[in-house]
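Enquirer: As given, the protein sequences belong to chains A and B, one line each in that order.
Convert by adding 2 to the 1-based position in the first sequence; the result is the number in our numbering.
Convert by adding 5 to the 1-based position in the second sequence; the result is the number in our numbering.
Hint data in this document are derived by calculation from the structure and do not stem from the laboratory.
Heads up, some of the hints might be wrong.
Stated by the list, open to error - Under the rule of at most 20 Å between Cα atoms (straight-line distance), these lysine to aspartate or glutamate pairs were calculated in the DMTMM-like manner:
| no. | chain 1 | residue 1 | chain 2 | residue 2 |
| --- | --- | --- | --- | --- |
| 1 | A | Lys70 | A | Glu7 |
| 2 | B | Lys14 | B | Glu64 |
| 3 | A | Lys39 | A | Glu58 |
| 4 | A | Lys105 | A | Glu17 |
| 5 | A | Lys105 | A | Glu81 |
| 6 | A | Lys44 | B | Glu112 |
| 7 | A | Lys44 | A | Glu58 |
| 8 | A | Lys39 | B | Asp43 |
| 9 | A | Lys24 | A | Glu7 |
| 10 | A | Lys44 | A | Glu4 |
| 11 | A | Lys39 | B | Asp61 |
| 12 | A | Lys70 | A | Asp29 |
| 13 | A | Lys105 | B | Asp43 |
| 14 | A | Lys39 | A | Glu81 |
| 15 | B | Lys14 | B | Glu112 |
| 16 | A | Lys73 | A | Asp19 |
| 17 | A | Lys70 | A | Glu81 |
| 18 | A | Lys70 | A | Glu41 |
| 19 | A | Lys39 | A | Glu7 |
| 20 | A | Lys60 | A | Asp29 |
| 21 | B | Lys14 | A | Glu41 |
| 22 | A | Lys44 | B | Asp61 |
| 23 | A | Lys105 | B | Glu112 |
| 24 | A | Lys105 | B | Asp78 |
Just so you know, these numbers come straight off a predicted model, no measurement behind them.
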Amino acid sequence: GENVEQHPSTLSVQEGDSAVIKCTYSDSASNYFPWYKQELGKGPQLIIDIRSNVGEKKDQRIAVTLNKTAKHFSLHITETQPEDSAVYFCAALYGNNRLAFGKGNQVVVIP
Amino acid sequence: NAGVTQTPKFQVLKTGQSMTLQCAQDMNHEYMSWYRQDPGMGLRLIHYSVGAGITDQGEVPNGYNVSRSTTEDFPLRLLSAAPSQTSVYFCASSLTPRSGNTIYFGEGSWLTVV
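Take these sequences, add in the hints, and give me the full structure.
Expert: Below, the structure written as structure tokens:
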């Protein structure tokens, strides 16, 4: 099956700075890579996704980049705000409609 | 449009007891799934269904049963609860993840087995 690794496990940034989370995956056939944000006590919510036919996608302060050759994709959050503090999960779609998740990254934005 | 609804939100069970976590979605989604979330482990797939009458095992299926008699409902059954099943459980649904449709998660069910 797919193996998704997520780094770093915890990231602290000053408000206004950028945060970058990187994920690697093992299955070269994977073609869909979503990112989820999970706030305390809630379910994960999709914030951005990318398909394998593009290298970058941006939505306001959030962007995702994909390098299929190296099998890694990254989440970029610019101008971080306190409400960006959460756990972020990357995932990769593989095989028979399954999503494999990374272990999550705790982002703390320091005011 | 309520999205994905899970019940109960909190439950304490004794070892050996059985219970069912309910999941319902009102978006006419074909694909439904159950995950468990444990500290440092991320989200792990328990069981999933690609349509009514069809279910399949995920990464960690042991100790859990599912059924999909309708498109809307996908209950998760613990037949004989064990402390190792203490976790947060999330139900999710989508049209189908094959083409990368958004997967929507419920708010979670916190289960403690003592």
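Enquirer: Give a verdict on every hint.
Expert: Hint-by-hint comparison with the structure:
1. Lys70/A x Glu7/A: Given pair Lys70/A, Glu7/A holds - Cα atoms ~15 Å apart, limit 20 Å.
2. Lys14/B x Glu64/B: Between Lys14/B and Glu64/B the Cα gap is close to 23 Å, so the pair fails against 20 Å, i.e. violated.
3. Lys39/A x Glu58/A: 19 Å, holds
4. Lys105/A x Glu17/A: Between Lys105/A and Glu17/A the Cα gap is close to 24 Å, so the pair fails against 20 Å, i.e. violated.
5. Lys105/A x Glu81/A: Roughly 25 Å between the alpha carbons, so the hint for Lys105/A and Glu81/A is violated.
6. Lys44/A x Glu112/B: OK: Lys44/A and Glu112/B at ~5 Å, within 20 Å.
7. Lys44/A x Glu58/A: Not satisfied, since the Cα-Cα distance of roughly 28 Å exceeds 20 Å.
8. Lys39/A x Asp43/B: 16 Å, holds
9. Lys24/A x Glu7/A: Roughly 8 Å separates the two Cα atoms, so the pair holds.
10. Lys44/A x Glu4/A: With a Cα-Cα distance of about 26 Å, the restraint between Lys44/A and Glu4/A is violated, given a limit of 20 Å.
11. Lys39/A x Asp61/B: 27 Å, violated
12. Lys70/A x Asp29/A: Cα-Cα ~10 Å, so holds.
13. Lys105/A x Asp43/B: Holds, because 9 Å separates the two Cα atoms, which is no more than 20 Å.
14. Lys39/A x Glu81/A: Distance ~17 Å between Lys39/A and Glu81/A Cα, so the pair holds.
15. Lys14/B x Glu112/B: 8 Å, holds
16. Lys73/A x Asp19/A: Violated. Lys73/A to Asp19/A sits at ~26 Å, over the 20 Å cutoff.
17. Lys70/A x Glu81/A: With Cα atoms ~27 Å apart, Lys70/A and Glu81/A exceed 20 Å; violated.
18. Lys70/A x Glu41/A: Answer violated: Lys70/A to Glu41/A is near 29 Å, above 20 Å.
19. Lys39/A x Glu7/A: 16 Å, holds
20. Lys60/A x Asp29/A: 24 Å, violated
21. Lys14/B x Glu41/A: Holds, at about 16 Å.
22. Lys44/A x Asp61/B: 26 Å, violated
23. Lys105/A x Glu112/B: Holds, at about 19 Å.
24. Lys105/A x Asp78/B: Violated, at about 28 Å.
Of the numbered hints given earlier, the model fails hints 2, 4, 5, 7, 10, 11, 16, 17, 18, 20, 22 and 24; all others are met.
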